[in-house]
Amino acid sequence: MGGLVASLASLLIVTAPAAQPATRSALLEGQRAAKAAALHPLEPPKLQRILFRMEDEYLVQRVLNAPRGAFVWFGGLPTGSGLAAGPAYRYTGQAATTTIWGTLSTHRYWEIGGTLAFPRLASGRAFAEVALRRREFTQEDFFGLGPASTPDTEANFALRETTVSATAGVAPAWWLRASGTVEYRSPRPGPGRDPDEPSVEALFPDLPGFTPAEPVDYVRVGARVALNATGRPFGSPLGGLHAVGYDRYADLGPGIFSFNRWEADLRQYVPVAGLTRTLALRAHYVSLVPDAGHDVPFYLQPTLGGPDSLRGLAAYRLRDRNALLLQSEYRWDVNAFVGGVLFYETGSVARRPRDFRIKEFTQDYGAGVRFGFLTTVSLRIEAVFGAGEGTVFMFRFGNVF
Amino acid sequence: MSSERRLSLVACLAAAASFVAAGGRTADQRFYPDDPLRVDRDTVHDASASTEQRLSEAVDLFENSLAPRPTGDPGRALNVNTLDEAPDSSWFTNRIGQRPMSVEEIVRGPDTLGRLEVAEWVVTGGKGPAGFQPGFRAADARFPGQQFQLEVDLERHAELASGAEIIGTAFYHAIGYNVVDIYLVDVDPSKIRIADTATERDASGRRAYTQRDLDLVFEQAARNPDGTYRMTAGRFVEGDPRGPFKHFGTRPDDPNDIFPHEHRRELRGNRVFCAWLNHDDSRAPNTLDMLVGPDGGKWIKHYMFDFGSILGSSPERWWSGQAYMLERGGSLWSLLSLGLPVRHWQRVNDPRRLPMAVGRLGSEGFDPATWKPEYPNRAFDNMRADDAFWAARIVSRFSDDAIRAVVAKAKYRDPLVTDYIASALIERRNRIRQTWLTVVNPIVEPMLAADGSFTFENAAVAAGVATAPAEYRLSWSRFDNVADARVGASHDVMSAGAGSIAPEAVLRGSAFVTVAIETRHPGFPRWAAPVHVYFRRTSTGWEAVGIDRQLPEG
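Sequences listed follow chains R and E, in order. Mind the numbering: the first sequence is residues 1 to 401 in the numbering used here, read in order. Mind the numbering: the second sequence is residues 402 to 955 in the numbering used here, read in order.
Hints were generated in silico from the structure; no laboratory data involved. Keep in mind that the hints are not guaranteed to be accurate.
Below are the DSBU-like pairs computed for lysine-lysine, each with C-alpha atoms no more than 35 Å apart in a straight line [claimed, not checked]: (1) Lys528(E) to Lys773(E); (2) Lys528(E) to Lys810(E); (3) Lys812(E) to Lys592(E); (4) Lys46(R) to Lys699(E); (5) Lys773(E) to Lys46(R); (6) Lys46(R) to Lys528(E); (7) Lys528(E) to Lys812(E).
Only a predicted model underlies this, so the values are computations on that prediction, with no experimental measurement involved.
Construct all of the structure, not just a fragment, from the sequences and the given hints.
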């Protein structure tokens, strides 16, 4: 009310025929005196106060990824696990960060774990991490092995696993990162618990590794090199992002499931007439090569399908020892926060590399809208067609590649 | 908006309008004895009761992006004096626009120190959340009372942000804004000590500042060949922070703040300066109100700061200077058209072709009239031709030498970078001259001598962006200041040059005279819109007291 009084007072000063000031300075002084007589405090709207507090106190980060103390662990479980969340706690010291968490999903997947990370050794040129995880996935989808599997044979299995790993690496330049990992794994598959689907043993009685005579434990020793020549710390990437990896899975149990895993993930982002249009290309190949006389457990074989690979197929729809995925996207920036995308992708799986057949490749295509800012795609909405298994509409957090 | 606030705004506008109304007109006289006001004394009333404005960046973005855009003429800027100039105030101090500045003075800018040399820095705290540039707060071990904010350049963009900060600060100071003094320093990490009391604030709250925090700053930073790090050191100014100022409305707790910000000349005209320097980050969060002055007489001084992202120094922001982050209308078309229509500016100034110290600062594709900040603000939206003309005259006064010297202050290692940025700024200045000095009838510097000889300047001709007009039509009249009206018959004089002799019949016995100047130029038909100039008789001759620049239609 005070502001109104002051304003009306200043109106009177302007309009009153008498008491005209003698100078311009006096005129302005009168207006300021009137305002001074009825100041009122800043009263930002409630929404502004809330948003300011969220920004000023980093509340989103504090809740979801606090640098120290307790926070909420969201997600982190496989596609199909449902919404997952749980408590987490982080302690950050001078050189190391310790994080522990537990999470439970709506489909009763769960994980507890902890990491001890040294993210910036040698002035940021090296890093190391040890991790411990115990988890259970209750209803992982399985459709059979090989490209000829069909959605009609959908089954599910459970997987309980403990892993202990140590990773160390170097990043001598911003564009180069190399690391090595040693990991102990004790996967224990079991009957699936999805009440709407049969368990795998009902449809696939001879799956490799489902019911071995004795438990299969692994020591995995691996190495990975990544070249990041995208050259832009912010914004959609341009240039190449190439990574290759090798892992040796040594079966510590029955001695019949040892294999080597090779992976190449080659991504190229090509600008099209300026920086607002990008052709994003990706070739991703995973190949598991068992030792002579050995096999590869089905649950460790690579898969295709789902929101990040062949989007027209259900998650894990294709599975075998070898998986090849080729993706292409035409992306264009609509504004700073929204982008459009058209995509085409194809891929297949095969028992051996020479078993790939072009005619067996699954293809799909689609269009979508993405929301985010600079490097981050927060949400994507996509419609996918052409895979022969129905049109798929998806809402997903995060980018594809 | 509540009815009370609406009424308050109307009343405030009405009050402020009394200052200018067609160049200072009031109910019973047009010009006061102290017109033209050179200084707006907006520091008189004690503003100690003011509190810190806490402005959400998200709110500022959406409030400005989604607010209705003004349609029609927003009216003349309310804080201009009768000569259509922005007087000195707590917002703005006329510098290069009103007086000669040597190149050395322009380059020195707000610096209070010739050179900042610090043998040992003592970290007093983290930088906090703002901005992309890693940094910290520190003081010279010898002078712990003076705080600086130190920031590095990112490894992949060496010299980019620091150069922009130095250049922007110097230009904005010379233009007339309040800015903080900022220095380039080479910092040896081994000569930094962390104060026992130093703290950092992150998402988990406040904690002790650690060596790890300091290491993290330098791990992300571009390193000099000698192992030191190039940093900017911005001095903390005196006073108590009162938060950013908005580009609309007034502060209800500041008695001196009576002109709605969207109607302030220096905030409207800032759009031209921002366009020149591609200061697309010219938003409220990069401004700062500081409460300064003695007890009982404190006032709010309005600063602009954080020029680290000018000169297109966020090269990934493809929209920089060309499009709002949230474009209305165009976004749907862009989505539906699959982004296929390629606009001209999307092909030019691709930073991938430039040294990493250069941002998106080409002159090709630069149109001062269509330049845009990251998101709209009401002061920029309200910029009229006369606001732009005022600003363009200031930009025009920066010589090539001055521009090159300011860019050289940034000490780029690669001379090609210095040349590129200086050349781009010179060309962008030229385009601003061409665009905005010609948009109105560019009559400036009118002078009427005691003997009746009348001279003026054509700013566009003087800047070399237009040929001399075919002729000027001067309509002289006596002027009744109290009645605010012309008196008697007008005497028309045609002049081929920028001057003539005022009719004796008009001058004789007059306390005030006025002349309406129409400029006849085949290339600029808009110049036919007259400029009305008012003179007051003084003891020694005549003094220009008013310029009323009539804006052409359209």
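For each hint, the structure was consulted:
no., hint, verdict
1, Lys528(E) to Lys773(E), "holds (29 Å)"
2, Lys528(E) to Lys810(E), "holds (25 Å)"
3, Lys812(E) to Lys592(E), "holds (23 Å)"
4, Lys46(R) to Lys699(E), "holds (29 Å)"
5, Lys773(E) to Lys46(R), "holds (30 Å)"
6, Lys46(R) to Lys528(E), "holds (27 Å)"
7, Lys528(E) to Lys812(E), "holds (24 Å)"
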